[in-house]
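S.K.: Start from the sequences and build out the full structure, keeping to the hints where you can.
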Amino acid sequence: MPSLLPQPMQEADYQAVQALSRSLGRNAEPARFGVEGCQLVLKDSQDKLLGWAKASWWDPDDELAPAGFYLSGVEIAADFQQHGLASILTTARLEWIAHRADRAWCVVNAQNTASLALQRSFGFREICRAPQFGSVQFTGGSGLLLCKEVTPSNRASADRKK
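For what it's worth, the numbering used here labels the leading residue of the sequence shown as 37, then goes sequentially.
No wet-lab data here; the hints were simulated from the structure. Just so you know, not all the hints are guaranteed correct.
[Stated by the list, open to error] With beta-carbon atoms standing in for the labels, derived distance ranges:
#, residue 1, residue 2, range
1, ALA103, ASP83, 32 to 42 Å
2, THR149, VAL71, 26 to 36 Å
3, ARG165, ASP83, 35 to 45 Å
4, GLY61, GLU185, 28 to 38 Å
5, ARG165, VAL71, 24 to 34 Å
6, SER39, GLY177, 18 to 28 Å
7, LYS84, ILE163, 34 to 44 Å
8, ASP115, ASP138, 32 to 42 Å
Bear in mind the structure is a predicted one, so any value in this text is a computation, not a measurement. From the three backbone atoms N, C-alpha and C, an ideal C-beta is built for every residue, glycine too.
M.R.: Take a look at the structure:
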């Protein structure tokens, strides 16, 4: 697969993002993401959407989860999962966060082994578990609050645990 570079999500991408999300049994609504934050897409050479991701400031108004910049969504087309695309998008989002804060946060369903493996490969560590963080409730289990220290540079991928 040729080298892919994340691009900022544009309004013209919204329909493709919705279609990809629905193909995965989810319901992303990019028009509701707002204009602030980091919203990225990965496309092939024919401009077909392969995946998308976002990160943004979130204040969950929660005793356990602090306000901060959170990785808050990533979806990869089924035919392209397990090819490193989520890692490309995560590297770009961590770099974006590193220019704004010294920590990146995320919340993940404890049963989402793929997401947990991705976050752990980037050096995220578990802070705590709860059935809910802010308005996010975890169906079928508990959620994990994860954190990673970040610094701006192109070292985001070099810092990954091997």
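S.K.: Now look at each hint and say whether the structure bears it out.
M.R.: Outcome of the hint check:
no., hint, verdict
1, ALA103 - ASP83: 32 to 42 Å, "37 Å, holds"
2, THR149 - VAL71: 26 to 36 Å, "33 Å, holds"
3, ARG165 - ASP83: 35 to 45 Å, "41 Å, holds"
4, GLY61 - GLU185: 28 to 38 Å, "34 Å, holds"
5, ARG165 - VAL71: 24 to 34 Å, "33 Å, holds"
6, SER39 - GLY177: 18 to 28 Å, "36 Å, violated"
7, LYS84 - ILE163: 34 to 44 Å, "37 Å, holds"
8, ASP115 - ASP138: 32 to 42 Å, "37 Å, holds"
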